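Chains A and B supply the protein sequences, listed in that same order.
Anchor point for the first sequence: position 157 equals 1260 in our numbering, and the numbering is continuous, going up by one each time.
Anchor point for the second sequence: position 178 equals 1611 in our numbering, and the numbering is continuous, going up by one each time.
It is worth saying that the hints were derived from the structure and are not from the lab.
Only a predicted model underlies this, so the values are computations on that prediction, with no experimental measurement involved.
Treat the hints with caution; some may be incorrect.
Derived, one-sided and incomplete: chain A residues facing chain B with beta-carbon distance under 7 Å [stated by the list, open to error]: (1) V1157; (2) I1180; (3) R1182; (4) C1204; (5) W1208; (6) F1405.
We put the CB at the ideal spot given by N, CA and C, even for glycine.
Letter by letter, the chains look like this.
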Amino acid sequence: MSLIEVVGLSHSYGGRKVLHSLNLAIDRGEVFTLIGPTGAGKTTLLRIIDLLEVPGAGEIYFDGKCIPRSGKQRLEIRRRMSFVHQKPQVFNLSVYDNVACGLRWRGEEENKIVEKVDHILKMVGLEGYRNRNARTLSGGEAQRVALARSLVLEPEVLLLDEPTANLDPISTAQIEQVISYVARQRTTTMIMATHDMSQGRQLADRIGVLLDGKLVQTGNADDIFYSPKNEEVANFVGVENILEGVIIANDEGVVTVNVGPDRIGIQAVSNYPTGKEVYACIRPEDITLAPIFHRSSARNSFQGKVTRVNTLGPLSRVEIDCGFRLTALVTKISAEELNLQEGKEVCAIFKATGVHIIERGVD
Amino acid sequence: MTEIWQGFTKAIELIISLDPEVMEIAGRSLSISGTACLLASLICIPLGSLIHFHHFGGKRVLINIIQTLFSLPSVIIGLFVFVLFSRAGPLGELGILFTPTAMIIGQMILITPILLGLTISALSGVSKEIVDTATSLGASSFQTAWLVLKEARYAVLAAVIMGFGRAISEVGCALMVGGNIRGFTRVITTTISLETSKGNLELAIALGIILLFLALIVNIVLNRLQQR
């Protein structure tokens, strides 16, 4: 049975609907990440799950029990969870007292508190800051205090809202290390909201894509990143090649889709029937570039002209016009070996399995 | 100008010589206003928190009224307390008119709006995120309120200091309900008023300086207390 179940959840702020009849079930011990752009409703969803807010409509079940909309039971259930907010708010107390707060509120004995707090401070690397006023810490240190303050409670559910937003790379790495350590213990159910795709992908057992208040798709990393459900998700998860087309043939699961102004046929694996209007999605890293007249076992091989090369660090983003526009991501080295530059003729190759077909006009 | 200077030297003289009557008057001022401030704080800080943390109709209006009452003149309160405790008044049977108790009650009423209003504004200065964070970490509403009060401690202390300052410096109410009885209800401000009308300016100025000196000491002590 799911530990947390959200049924038909809707919520508005001042007349603006931020969550639309959302359903979600999360199992005990699961690491679930919620991805979506800023303003999609991730924070609101976490706040409602943490019982900080009462939803406009819908129910939340915790451990099988429906949570009442008011009353003492909410505090009892909230005490089984802990929420690390996006902007770390430390109390104007010592680091030790900050971390000890939640335990004191739960009536834990002082000698146990000392033991637990010291252990957790060591885990987040703040053992030397025990007696410092938390208000004097840097952003990264404050976020580690906030994380320690939640972890020390050994919550059944840990909610994290953009835990590394606005942090420098070193602080981000430190926070991620602690989070992934906790995730590996598999004793804490985690729900993490992030707009950082790679972070969401690394840690998660399951990912939910929240767009404009709707949970559009949930699934594992492969489902989300390679089989986005619709154009919106595809766009959000970084599928740069989204080609509009029509299926003109289906040969036992291998379809031919006509794309671009010249109706060029590309091959993909799909069950959609002939005549269906679709999008063909290809991730830029799934396209390889080769010199022209290169022979390949891949079903899709198109000759085209490079229109733009943009090198960022170790990777080059190459735009090609082969009757339809493609963007490929290749290593800087191979871009140099192929002598890629504007006007150069190349061969763009991708497998039929690398093309994901989504139906047009679905939400 | 010479009076001020003479008053200043006289003040130092009186302080150094520990003049028994001056010490007694200063001690009475301190104990009456200190008690009034302490009792009013014990009522107003929790009450202010209660108002701050609850949503109810007319809250805005209530806060506006409280803030308006900051300017309540002490003679009006003196009049009110006088009527209340005068022999024919509703609480006349208690027989506390012209006693320190009546003065304490008067000063408590006088500083209640200040303490309430400034406590509420002190608590409003604590961000909503702090409240959310505490709630998320499993604090009950009482525990959250206590934490917020601790977060606002500097501003709450300023409210208490403000209240004490208003109490020890007022004269109208102390005169009307205390009666300025020598050795019983005579405090610094009522003495200043009396000595000035007697033309004894040096002593009046000296007492004024002592009053400020007392306020300074109370400030230092309270600031020390909250830094711990």
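Exercise. Among the hints numbered above, which are violated by the structure, and what are their numbers in rising order?
Worked result: 1, 2 and 6
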